[in-house]
Amino acid sequence: MLEIKNLHVELEEEGKKILKGVDLTVEDGKVHAIMGPNGSGKSTLSYVLSGRQGYEVTDGTAELDGADLLDMDPEERAAAGLFLAFQYPVEIPGVGNMTFLRTAVNAQRKARGEEEISAADFLKLVREKAKNLKIDADMLKRPVNVGFSGGEKKRNEILQMAMLEPKMCILDETDSGLDVDAMRLVADGVNALRDAGRGFLVITHYQRLLDHIKPDVVHIMADGRIIKTGGPELALEVEKNGYADILEGA
Amino acid sequence: MGAPQAKTDDRLTGLAVTATGWAAAPRGDALSRLQSMGLPQRRDEYWKWTRPDTLISADVPPAEAFDAQETPIFGGVDRLKIVFVDGVFSAEESDDLALEGVMIERLAEANSDIHWAQGLYGVLEERGQTPVKRPLAALNTAMATDGLLIHVTGKTGKPISLIYRHVSDTSDAILHHVVKLDEGAELTLLENGPAAARFNKVLEVEVADKASFHHVRAQGRDHARRAATHIFARLGSESAFKSFTLTVNGVLTRNEAVIELTGDDSIAHIAGAAMGDGANGAFHHDDTVFVTHDAERCESRQVYKKVLRNGAEGIFQGKILVKEGAQKTDGYQISQSLLLDEDNQFLAKPELEIYADDVVCSHGSTTGAIDETALYYLRSRGVPKKEATDLLVLSFMAEAVDEIEDDVLREDIVSRLTGWLDRR
Numbered sequence: 001m002l003e004i005k006n007l008h009v010e011l012e013e014e015g016k017k018i019l020k021g022v023d024l025t026v027e028d029g030k031v032h033a034i035m036g037p038n039g040s041g042k043s044t045l046s047y048v049l050s051g052r053q054g055y056e057v058t059d060g061t062a063e064l065d066g067a068d069l070l071d072m073d074p075e076e077r078a079a080a081g082l083f084l085a086f087q088y089p090v091e092i093p094g095v096g097n098m099t100f101l102r103t104a105v106n107a108q109r110k111a112r113g114e115e116e117i118s119a120a121d122f123l124k125l126v127r128e129k130a131k132n133l134k135i136d137a138d139m140l141k142r143p144v145n146v147g148f149s150g151g152e153k154k155r156n157e158i159l160q161m162a163m164l165e166p167k168m169c170i171l172d173e174t175d176s177g178l179d180v181d182a183m184r185l186v187a188d189g190v191n192a193l194r195d196a197g198r199g200f201l202v203i204t205h206y207q208r209l210l211d212h213i214k215p216d217v218v219h220i221m222a223d224g225r226i227i228k229t230g231g232p233e234l235a236l237e238v239e240k241n242g243y244a245d246i247l248e249g250a
Numbered sequence: 001m002g003a004p005q006a007k008t009d010d011r012l013t014g015l016a017v018t019a020t021g022w023a024a025a026p027r028g029d030a031l032s033r034l035q036s037m038g039l040p041q042r043r044d045e046y047w048k049w050t051r052p053d054t055l056i057s058a059d060v061p062p063a064e065a066f067d068a069q070e071t072p073i074f075g076g077v078d079r080l081k082i083v084f085v086d087g088v089f090s091a092e093e094s095d096d097l098a099l100e101g102v103m104i105e106r107l108a109e110a111n112s113d114i115h116w117a118q119g120l121y122g123v124l125e126e127r128g129q130t131p132v133k134r135p136l137a138a139l140n141t142a143m144a145t146d147g148l149l150i151h152v153t154g155k156t157g158k159p160i161s162l163i164y165r166h167v168s169d170t171s172d173a174i175l176h177h178v179v180k181l182d183e184g185a186e187l188t189l190l191e192n193g194p195a196a197a198r199f200n201k202v203l204e205v206e207v208a209d210k211a212s213f214h215h216v217r218a219q220g221r222d223h224a225r226r227a228a229t230h231i232f233a234r235l236g237s238e239s240a241f242k243s244f245t246l247t248v249n250g251v252l253t254r255n256e257a258v259i260e261l262t263g264d265d266s267i268a269h270i271a272g273a274a275m276g277d278g279a280n281g282a283f284h285h286d287d288t289v290f291v292t293h294d295a296e297r298c299e300s301r302q303v304y305k306k307v308l309r310n311g312a313e314g315i316f317q318g319k320i321l322v323k324e325g326a327q328k329t330d331g332y333q334i335s336q337s338l339l340l341d342e343d344n345q346f347l348a349k350p351e352l353e354i355y356a357d358d359v360v361c362s363h364g365s366t367t368g369a370i371d372e373t374a375l376y377y378l379r380s381r382g383v384p385k386k387e388a389t390d391l392l393v394l395s396f397m398a399e400a401v402d403e404i405e406d407d408v409l410r411e412d413i414v415s416r417l418t419g420w421l422d423r424r
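So the sequences go chain by chain: A and B.
For the first sequence, this note's numbering begins at 1 and goes up steadily by one.
For the second sequence, this note's numbering begins at 1 and goes up steadily by one.
To be clear, the hints were calculated from the coordinates, so they are not data collected in a lab.
Nothing here was measured: the structure is a model prediction, and the numbers come from that model.
Some chain B residues near chain A, calculated using beta-carbon distances under 10 angstroms:
| # | residue |
| --- | --- |
| 1 | D371 |
| 2 | E372 |
| 3 | A374 |
| 4 | R379 |
| 5 | S380 |
| 6 | R381 |
| 7 | G382 |
| 8 | P384 |
| 9 | E387 |
| 10 | A388 |
| 11 | D402 |
All C-beta atoms in this analysis are idealised placements derived from N, C-alpha and C, irrespective of residue type, glycine included.
Using the sequences and the hints given, assemble the complete structure.
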């Protein structure tokens, strides 16, 4: 369970306040969506939770299953079960996708005091999961995200998620830059991972992703706060009327 | 200020050629060349960034041999081994100098009056003296104590591997190799080891039409060693020259390469990966490269990467000269440094000089720190900071290392890179 309480965050260098008291709880097995206009702080929330540099938490807490996320390095958060699917996955030339995946899987196992996965088992696992996401052998061999299309990059994020089996998945605008078919493929990948022990936080601008990944709860974020929470119908309302009505009503 | 040759405390003092036989003439010529140009000085344009004094001093600054405590490189490669200890040939440790498709002779033993190497020894070096003077190479041609004369007539069954061991703290080695590849011949030449406290080496390579020469070198890891090396290569048509050098440690290294593409449709790739840590005394690494296109439709690549930390210094001076008539030239040059902390220095002088109107030439030079976004990305996947940084260092080096075509040799080089990263 992810529990965020009264989270206040500033940009470290400029001191600009981005999050102004976010309260949010994502229970295991649930899918929560966060929608909101540009600049509302959605992506910042995902960065702060995963430990990106450049943000200063001035107040509040964020815990994953009772463990203080804000006190951990990014790799410790990952080992604790947090995963962020990036809006802009990073290209890493010269490092094979497979090497990267295996390094990540084994690093997390090591951090949890588990044994490393054997090369053969790893290969079998990665091939199986890649197949479901229509990721071919060539994509696994190529350097991480280098020369990948927008859709391939997002599918590669979901592959990492599938391999790492996190407890809490944050998807930061995973639908941006995707055509309808690619979005369906990504959504199928996410849905396959839905399970009673795993929570999801899906950040998106548009309702259309939520047609494929059906949320249990929808939050509207504006000006660094969650201003409204409801069921899936809230997303439909945004799609129909935009954010203006909700912002005025808040 | 006196002329350099008037100084009494440098390597020019009392030099005299003692060789007999065919080599006496080219050595004598080289000594005259050297005496007229003098030893390198800081005021020379191509020595602005590298102090030549310890390379030209009469005495050798002492350097201890360093036991890296790791399996020797290229150990898993089936090869013909030729060993030099402090620049002295070791018959005991070397294989027989016999290999199919190639004739190998020691320079010190080639004393006949007529020899195939006559047309090459010092000849490519002399061509390489224009337009940039390379006095240490002329010194080498005149005074080399040994080296190998390798005549490749066909496809060699396995690589020739030169191993340079360093034992004595004050050894001063001068070796000069000549490699001649006949039409269609192929050779892979491997070199590794620190060689001596101070090492001056010249490698002259003549690549005939349709021949191919592959070269992979790992310079020794002794912290205090000094090296000035030159490669002079001349390529015939449809030939290939590929050279990669790994440098890890070394208080002073100057690697010069002078490559001339004289036959149409030939390719020359030269690459270097250097990793230096100033904490072990000092690290200064200088790559000075000059590629001349003098034929049509040739391709050249210069790929140089340096990883620097703790006050390390990296230098790159690279030039592509495209002569008139060298149409359809494809020239590429990149020099980059990755600074792992803030005290390092990387100086680069990329140059293009083009006299043909239908060519593609590009060059780039960058310097920077580890990409924080990439580091965060890796860490967010659970990869610890140190391991993530190492992956990014390997990522940075990849373009240079990928110039090595042979998988086994490339893996060997990568293992040296990871070895360095593990030890830091």
